[in-house]
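Line by line, the protein sequences give chains A and B. FYI, the numbering for the first sequence is 42 to 223, going by our numbering. FYI, the numbering for the second sequence is 220 to 314, going by our numbering.
Simulated from the structure, these hints should not be mistaken for lab results. All values reported here derive from a predicted model rather than from experimental measurement. Hints may be right or wrong, so weigh each one.
Said to hold, decoys possible - Covered, in the sense of this in silico footprint (three residues per stretch, anywhere, with C-beta under 8 Å from a C-beta of chain B), are these stretches of chain A:
| id | stretch |
| --- | --- |
| 1 | 78-86 |
| 2 | 90-97 |
| 3 | 164-174 |
| 4 | 200-214 |
Claimed, not checked - Some chain A residues well away from chain B (every beta-carbon gap over 10 Å; in silico):
| id | residue |
| --- | --- |
| 5 | 68 |
| 6 | 71 |
| 7 | 161 |
Cβ coordinates follow ideal geometry from the N, Cα and C atoms, glycine included.
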Amino acid sequence: MPPVKSDARWLAEFRSQYAAWWPEAEPLIAQHQYGPAFKTYPWPTFAETPWTPLGKPVAQSTVAVVTTGGLYRPGIDPPFGGEAPEGDWGFRALPRDVDLSGLAIGHPHFAHEVAEADMNTIFPLRRLAELEAAGVIGRLAPTHYSTMGYVTRAADLAAETAPAIAAGMKAEGVDVALVIPV
Amino acid sequence: MQREIEAWGISTISLSNNPAATARVNPPRWVHVRFPRGSMLGEPGNRDKQLAVLRETLAALETIREPGGHVSLPYRWEAPPVMWRGKPLVEGSYT
Numbered sequence: 042m043p044p045v046k047s048d049a050r051w052l053a054e055f056r057s058q059y060a061a062w063w064p065e066a067e068p069l070i071a072q073h074q075y076g077p078a079f080k081t082y083p084w085p086t087f088a089e090t091p092w093t094p095l096g097k098p099v100a101q102s103t104v105a106v107v108t109t110g111g112l113y114r115p116g117i118d119p120p121f122g123g124e125a126p127e128g129d130w131g132f133r134a135l136p137r138d139v140d141l142s143g144l145a146i147g148h149p150h151f152a153h154e155v156a157e158a159d160m161n162t163i164f165p166l167r168r169l170a171e172l173e174a175a176g177v178i179g180r181l182a183p184t185h186y187s188t189m190g191y192v193t194r195a196a197d198l199a200a201e202t203a204p205a206i207a208a209g210m211k212a213e214g215v216d217v218a219l220v221i222p223v
Numbered sequence: 220m221q222r223e224i225e226a227w228g229i230s231t232i233s234l235s236n237n238p239a240a241t242a243r244v245n246p247p248r249w250v251h252v253r254f255p256r257g258s259m260l261g262e263p264g265n266r267d268k269q270l271a272v273l274r275e276t277l278a279a280l281e282t283i284r285e286p287g288g289h290v291s292l293p294y295r296w297e298a299p300p301v302m303w304r305g306k307p308l309v310e311g312s313y314t
């Protein structure tokens, strides 16, 4: 498993707070009482942030996208466990030429009508391909990524999924990542 | 997610329609968009607006010089409200 390269000191404290939160939240989430359940959630907060200066102009950079829309290819990728009480912190890697209208949305906690009408509204690969052709970006990366935005286990997302996606991007020479939460 | 990718030596920027929540996790660079949850790039089929949001987001990668910096885009939602659990989603509504 790829290592965590961002400051990981928060993970232990979060896991401890999460272990205290979950027994109280679980029955509320089972009844879809998300407001009361998340009122006491140990939201991670950060005073500092990592920083990688842009190494070259965007017009010469390789760009990759991460969406949290829970997108996957039915029949090829396993669906997300969107209805699981603690969510699903896995990810799916999607090729740049994927048929956007054939993607399924495995994230049950947002209104799908806009994305179903035009997946570019949460995963703009066709628009970015047009910007590649126009020379606005250097190259659209071969692979892009989707997670599913309903995840209570933030530490597992940060310690397992985020480094795996970052390592995949590095392997393809990605310079710039566009992150689109849904 | 964004913080980890940045720590791997990749410059990152995100879209946010929820500035309070985004400021809490303090991502390296972000762009505030005034669209309802479920559409971070504007109305379906509005190619020109989607391209404008992307062009300005990519430009912000070159203009944001301070960690945690952000810019706000002026674009508004120009279609009937998106309904979620029987209520219209408005700017800043997240759940």
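Non-conforming hints, listed in increasing numerical order: Checked against the structure, the only hint that fails is number 7, while the rest are satisfied.
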